[in-house]
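Asker: As a plain string of letters, each chain reads:
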Amino acid sequence: MEKKDIIQSFKDSFFTGLIALALFGPIVGLRTASKGEGLFITPQWGVVFVLVGLCILGRFLINLNSARKTEITFFSKFTSKFSALTEDKAKHFAITAILFAVVFPFLPFTDRYFMDVAIMILTYIMLGWGLNIVVGLAGLLDLGYVAFYAVGAYSYALIATTFGWSFWICLPLAGLFAAFFGILLGFPVLRLRGDYLAIVTLGFGEIIRIILINWYEVTNGPDGITGIPRPSFFGLPFKRSPDEGETSFHLFFNLEYSTMHRIIFLYYLILVLALITNYFTLKIRKLPVGRAWEALREDEIACKSLGVNPTNTKLTAFAIGAMFGGFAGSFFATRQAFISPESFTFIESAIIVAIVVLGGMGSQTGVVLASIFLIGITEMFRDLEQYRMIAFGGAMVLIMVFKPKGILANRKPTILMHGDKK
Amino acid sequence: MSNLLSVENLTMKFGGLTAIDDLSFDAKNNQITSIIGPNGAGKTTVFNCLTGFYKPTNGQMFLHKEDSKISLRKYTDFKIAYVAKVARTFQNIRLFPAMSVLENLLVAQHNELMVASGYSLFGLLNLKSYRDKEQLAVDKAKYWLDIIGLTHRADDNAGDLPYGDQRKLEIVRAMCIEPRLLCLDEPAAGLNPKESAELNKLLKFIKTEKQTGILLIEHDMSVVMGISDHVVVLNYGKKIFEGTADQTKNSKEVIEAYLGVDE
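Chains S and V, in that order, are what the protein sequence lines are.
Heads up: the first sequence is residues 429 to 850, going by this note's numbering.
Heads up: the second sequence is residues 3 to 265, going by this note's numbering.
No lab work stands behind these hints, which were simulated from the structure alone.
Glycine is no exception: its CB is placed at the ideal position from the N, C-alpha and C atoms.
There's no promise every hint is true.
As the list claims (entries may be wrong) - Under 8 angstroms between C-beta atoms, here's a sample of chain V residues computed to sit facing chain S:
1. T53
2. V109
3. A110
4. L115
5. S119
6. S122
As the list claims (entries may be wrong) - The calculated DSSO-like cross-link candidates involving lysine-lysine, where the alpha carbons are at most 27 angstroms apart (straight line), are:
7. V/K196 with V/K209
8. S/K714 with V/K144
9. V/K196 with V/K206
10. S/K840 with V/K130
11. V/K196 with V/K130
12. S/K519 with V/K130
13. V/K130 with S/K711
14. V/K15 with S/K714
15. V/K135 with S/K840
16. S/K714 with V/K206
17. V/K142 with S/K840
18. S/K519 with S/K439
19. V/K67 with V/K30
20. V/K135 with S/K711
21. S/K840 with V/K144
22. V/K67 with V/K212
23. S/K714 with V/K142
24. V/K212 with V/K254
25. S/K711 with V/K142
26. S/K833 with S/K667
27. S/K831 with S/K439
28. V/K87 with S/K714
29. S/K833 with S/K519
30. V/K87 with V/K206
31. S/K519 with S/K711
32. V/K251 with V/K30
33. V/K81 with S/K714
34. V/K240 with S/K711
35. V/K87 with V/K76
All chains should be built: construct the whole structure from the sequences, respecting the hints.
Answerer: The following block contains the structure:
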């Protein structure tokens, strides 16, 4: 590294420090505390200096790092090794991961908390895989994906509480409703791309949430829907004391009653749903419609010149992506037994998009890794409460600095002429 | 030789600017018809009208089929390629860069494959009828890749190919939709003399072996004069000359349009 570079990075770090000071000074430095009558300002400059110092140091290290362009840093070395590994042995990796997921509930250290986190991660994996069809394959940046999640959840909740139909009838119906909403959103945004599309879909997500809050007669407004039927194991409910004429799960299998039964069942349910989503995506990617999605992402005008109908192609992408969001929504409703518009805010959409983008657009394995990373990290820092979001943001910054294209960003052709060379 | 395309009184106005002014010409089956002219003469606008990207202000364009004729004005957007079978390439190459060469050629056969895959249903069930059709599509792609000598790179990303190969790939991709009329927008731009010669060979092959008429916009006169059967010269949106390559070379109007008039 040359002397000029060092001076440059000192300068740069100094300005970073100034910006950090301007930000942290008033926000962190001046703390209001109520003493006796009225509010008083307690300055805490020590904390500010530590934070500013950290920013300067961090910026300086990044500068040092980018000056040595040819050398690979530890982190990117690790991840590139990792992507090489998953590319070569993608099958082995997938099988090991699925096997681990299958035996996970019976591992000795697995307790109720781990199961809850695992179910949550799997829900996000499923949502990520669903959104991957829209964002990763078709290249349509959808910031309102949570709308379809909400439509799925509310369709399930309303059908199940009104008609009392079973989970397995309501699930496809909820998926269909969500797909219908996907097409409904698709029509007005057909001509939009990139930023404009992102803004409109974001608005759509908010519209659905606001309708859910205000359409009191149907959705029960902000109070939400309670008493959503829990899923049953092929007709056997998970209850300690079943109603007359019913046999519950633990009685049928002669087991001691435990709340874990239902949790384990939910875990396998979302695992199967997620794997179906994955299998479907991997399959459809290799079909003409999947190739047309990717071609549309690459160049819409060229698609038209080859006779590919962009309208139908986009609408199928929206509909299928939305359908899986709807399935995940039904699962969410049956798991919680209570839903309200609170659960479907913009931050959910943002997390799902973050999972897809950080995982590497279009990469199925990337979505899994990003979900574990993002959801896992925020869960690990649960004890620190308000610092959780810092950990979340920090994780995103780290990935973007070292892997700007996402954790796994290699695309394999959908069809090979010469077979696999490796 | 029968007529393939007839353009009648085509006019295209953008606000006050007349890009094409009352243009009429014919293109014949199994012939290469070139459209030449100085920059801004309206050549690409003619293409955009023919291929449905613009809706002409006035005039008609007919594509002749055995004894019937269809009006291209009726078709817009993707239907030009899908129904009327008019294919085109672009002045600035428009491949699908992150997709493999083979995938590029399969997207061009999208509509047949969609039907064969039962709009994805048969494909998801992995039926043999679909797998056979897909194999046929791959064979067709291989046929064209053999012709341009890119079979060994079929699994590489299209964006990783050298510039000259990308040009050729774009042409054979357009040929994969089995067009009746192929519109090429400056296919020789940026090619070296050797690549230009290869391009001439490819276009002659398409002209003689396939039932396809070619409409060509080109600045490279070695290409235009070497392979054109018929030349249409435009200047400021008007046709100023029409004839064979030799006639064009010696035409006073054409020389004036390109080099200016002695005062």
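Asker: Below or equal to 27 angstroms on CA atoms is what counts here, so check V/K87 against V/K206.
Answerer: 20 angstroms, holds
Asker: What's the verdict on V/K135 and S/K840, does the C-alpha distance respect the 27 angstroms limit or exceed it?
Answerer: Holds, at roughly 22 angstroms.
Asker: Would you check the hint for V/K15 and S/K714, treating anything up to 27 angstroms between C-alpha atoms as holding?
Answerer: 43 angstroms, violated
Asker: Would the pair S/K840 and V/K144 pass a check requiring their Cα atoms to be no farther apart than 27 angstroms?
Answerer: 19 angstroms, holds
Asker: Hey, S/K833 versus S/K667, does the alpha-carbon distance stay inside 27 angstroms?
Answerer: Since the Cα atoms of S/K833 and S/K667 sit roughly 48 angstroms apart, the hinted pair is violated (cutoff 27 angstroms).
Asker: Report holds or violated for the interface hint on V/A110, using the least CB-CB distance to chain S and a cut-off of 8 angstroms.
Answerer: At about 5 angstroms, which falls below the 8 angstroms cut-off, the nearest Cβ of chain S leaves the hint on V/A110 intact, so it holds.
Asker: For a C-alpha distance cap of 27 angstroms, please report whether S/K831 and S/K439 respect it.
Answerer: Holds - the C-alpha atoms of S/K439 and S/K831 are around 26 angstroms apart, at most 27 angstroms.
Asker: Once the shortest beta carbon distance from V/S119 to chain S is found, is it less than 8 angstroms?
Answerer: 5 angstroms, holds
Asker: Straight-line Cα separation of V/K251 and V/K30 no greater than 27 angstroms?
Answerer: 21 angstroms, holds
Asker: Just to be careful, I want the Cα atoms of V/K87 and S/K714 compared with a cutoff of 27 angstroms; is the pair within it?
Answerer: The given pair, whose Cα atoms are some 26 angstroms apart, holds under the 27 angstroms limit.
Asker: Is the straight-line distance between the alpha-carbon of V/K196 and that of V/K209 27 angstroms or less?
Answerer: 20 angstroms, holds
Asker: Assess, step by step, whether the Cα of V/K196 is no farther than 27 angstroms from the Cα of V/K206, and give holds or violated.
Answerer: OK: V/K196 and V/K206 at ~16 angstroms, within 27 angstroms.
Comparing the model with each earlier hint shows violations of hints 11, 14, 16, 18, 24, 26 and 34; every other hint is respected.
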